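Protein chains: 2
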Amino acid sequence: MAKIETVSPLAPKGGFPQLPVIDGVRFAALEAGVRYSGRVDVMLAELCDGTTIAGTFTRSSTRSAAVLDCQDKVGGNSKGKAAILVNAGNSNAFTGKGGFDAVASITKAISDALGIDQSRVFTSSTGVIGEPLKWERITAKLDDLKAALDENGISDAARAIMTTDTYPKGSTVEIAADGGTIKIAGMAKGSGMIAPDMATMLVYIFTDAKVSQSLLQDMVTRATNETFNCITVDSDTSTSDTLLIAATGKSPAASLQGGTKPCEAFYEGLKSIMLDLAHQVVKDGEGATKFVEVRVTGAVSTSDAKKVASAIANSPLVKTAVAGEDPNWGRIVMAVGKSGAQADRDRLTIKFGDITVAENGWVSPDYNEDKGATYMKADDIVISTDLGLGSGEAVMWTCDLTHGYITINADYRS
Amino acid sequence: MAKIETVSPLAPKGGFPQLPVIDGVRFAALEAGVRYSGRVDVMLAELCDGTTIAGTFTRSSTRSAAVLDCQDKVGGNSKGKAAILVNAGNSNAFTGKGGFDAVASITKAISDALGIDQSRVFTSSTGVIGEPLKWERITAKLDDLKAALDENGISDAARAIMTTDTYPKGSTVEIAADGGTIKIAGMAKGSGMIAPDMATMLVYIFTDAKVSQSLLQDMVTRATNETFNCITVDSDTSTSDTLLIAATGKSPAASLQGGTKPCEAFYEGLKSIMLDLAHQVVKDGEGATKFVEVRVTGAVSTSDAKKVASAIANSPLVKTAVAGEDPNWGRIVMAVGKSGAQADRDRLTIKFGDITVAENGWVSPDYNEDKGATYMKADDIVISTDLGLGSGEAVMWTCDLTHGYITINADYRS
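Residue numbers (the working numbering), protein chains in the order written: chain A, 48 to 461; chain B, 48 to 461.
The hints are simulated quantities; they were obtained by calculation from the structure and are not laboratory data.
Just so you know, not all the hints are guaranteed correct.
The list treats identical chains as one, so a pair stands whether inside a single copy or across any two.
Here are the computed lysine to aspartate or glutamate pairs in the EDC-like style, where the Cα-Cα straight-line distance is at most 20 angstroms [claimed, not checked]:
| hint | residue 1 | residue 2 |
| --- | --- | --- |
| 1 | Lys257 | Asp225 |
| 2 | Lys144 | Asp393 |
| 3 | Lys181 | Asp148 |
| 4 | Lys144 | Asp413 |
| 5 | Lys418 | Glu178 |
| 6 | Lys144 | Asp391 |
| 7 | Lys181 | Glu416 |
| 8 | Lys144 | Glu406 |
| 9 | Lys155 | Asp190 |
| 10 | Lys193 | Asp203 |
| 11 | Lys418 | Glu406 |
On a predicted model such as this, the values are computed, not experimentally measured, just so you know.
Let the sequences and hints guide you as you build the complete structure.
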């Protein structure tokens, strides 16, 4: 793996946020030496009796054993304690029958060590594909992990799941609800192979809300479509993407009921955390030096708007232009053209930030290249395209494509 | 534009081929200073009375004025002389009404200068998008171009159409037919924005065959699908892609008739030139250091096989692994998974060259990393994936993704 020497220039200025204790969850993280040495690489979250768990997963047809196992288990009953274990360094993907055995061995060992039904033990693995996971290195550390469980351990846990990430990612929100406050705290890791249908992305969100599994699942599915499924770093989709949310029910607030105001407030809070984490993942995209919001309006349909947004956000020529701080709007026109969406060259409007660069099929009369070039120097770039045809809208977030991406990925396994 | 200092390491060892005179065609090339200085940037081909012309074009919905004009004209009657004029440096794409006026001005001027019906004058423009084409610089040179017309001028013409190309691209073949020999000679330029539905790619093929326009069009459409529509450099599709073929009918060989042996021989010859030129375009892909053939077999359908081939050939993670000479077959699994095609992890077989790296859902028992790493040092890499599900097959050609691509494209317009 190429050494990552420096933190992304787009990392949050304030560093990792102070995440609150979520009543009912304890964390542990330590060095198991799964692949890396000299850093924590395994995290365990122990969840109290009755915790409801929901999740969303990669749609890859070659998904990993751990993802398949989680998908089987999500939606089961919420009786008894639960646990989530994550290792970094090896994704246990495309590892044949041995991969399934590894997941079974780990979940069985956790079940035994913590007294949790095996059907309530969830695991994720991230890292290299196709090499057998040395699961014994993880199970050998279970006693230590158990002894280290601590309700304040979430920030160490967020560090344990990192691979090529240059900073740990966390986000939190509090929601005022009937009878008390609901807290939500989440962590994520990126940072390559990021594309809709998720990414090599692992996301764990913890809340003390009282909420049924089915309602929680509905909300997280809806929020995933508006957040993690709208980001892309390199258009590649991982075999291991997993988002799990665990609700302990320990908040004094009343149980959430679908369609009510408190439920909507919870949803908005959840979505804000997921959006924050999704943006942090993009900002830590391999080699990223610019964060780009791609807005598309005026498409004949939402689906067409998404096609255009995706074509722009995934275009290597657009992304290298952003890297070069070049207001090369011709490449936006190219991306619109190749998207497959209905488009009329002469009704296109393209803006960089508030600067209209092109309209009516040509460069805007008020535009000058210096304005565009100055705008492109910012860290955060907004590219807006109006197709002028209908009311379909979409937004995607991406980063630029730089030498850093090549350096990291041309030498990942060496 | 970033300076291209060195010729691609994948350039044909023998240099530009010796192209034959095609009876009925004369070429001229010179410096018009459209954008570049100190190099030829305009080429003119004059085609004799009765030449039939067929073509294939980008499917971009934002295609350039010249492409739209060619599409209008192809298929018209073949009476009188014809001409093809190409300029490099400015693509005249997304230039509003002015773009159409520029095409009309150039074609009118050629019509007047050479005594050719305007409906038989074809043009292409390649280069930067969105800047007005200084067409007067081209028409000012028409007398010089006319004076320079020479049946031996094809190799200079091939140089005049280059943009970021590091070498000119030519190919030729002779076909023995009833009554004599048929010659075909072609030229192409790449080299970024290359993807199915063509690319920033201009291709001009000349033959002395006697052939009807409709038969010629059928053959070139069919051959495009098996050649230029199977290559990708960066998944981006240009607004300007154009392939034109002109048949002068000057060969002593009998007129080609569909379904006959001579016609099939001509088709195979044409396809071989188109494949050669397509490969040369990929080998000159921006920053390319490796040529990659992606073979997919065993898919449930041809369409699924193409999806998988395209997902592999366009994956930045696969392409950076190739750049790093890393036999990272896990990224092939990832690409299969994200392709959207039907796939069963446990029936996948992946080979690098003749080396089976993965089968039955895991690394092959006979595989060792040293074998794979040695293979990846070659300039030409074959990656084969068998899905084990059906008889759908596809092949695509691509190149690696290197620092060179970033360097060229992050600074194209500066």
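Hints and how they fare:
| no. | hint | result |
| --- | --- | --- |
| 1 | Lys257 x Asp225 | within (11 angstroms within a copy, 85 angstroms between copies) |
| 2 | Lys144 x Asp393 | between (56 angstroms within a copy, 9 angstroms between copies) |
| 3 | Lys181 x Asp148 | within (11 angstroms within a copy, 68 angstroms between copies) |
| 4 | Lys144 x Asp413 | between (63 angstroms within a copy, 17 angstroms between copies) |
| 5 | Lys418 x Glu178 | between (50 angstroms within a copy, 16 angstroms between copies) |
| 6 | Lys144 x Asp391 | between (52 angstroms within a copy, 13 angstroms between copies) |
| 7 | Lys181 x Glu416 | between (55 angstroms within a copy, 18 angstroms between copies) |
| 8 | Lys144 x Glu406 | between (57 angstroms within a copy, 12 angstroms between copies) |
| 9 | Lys155 x Asp190 | within (14 angstroms within a copy, 85 angstroms between copies) |
| 10 | Lys193 x Asp203 | within (15 angstroms within a copy, 75 angstroms between copies) |
| 11 | Lys418 x Glu406 | within (16 angstroms within a copy, 55 angstroms between copies) |
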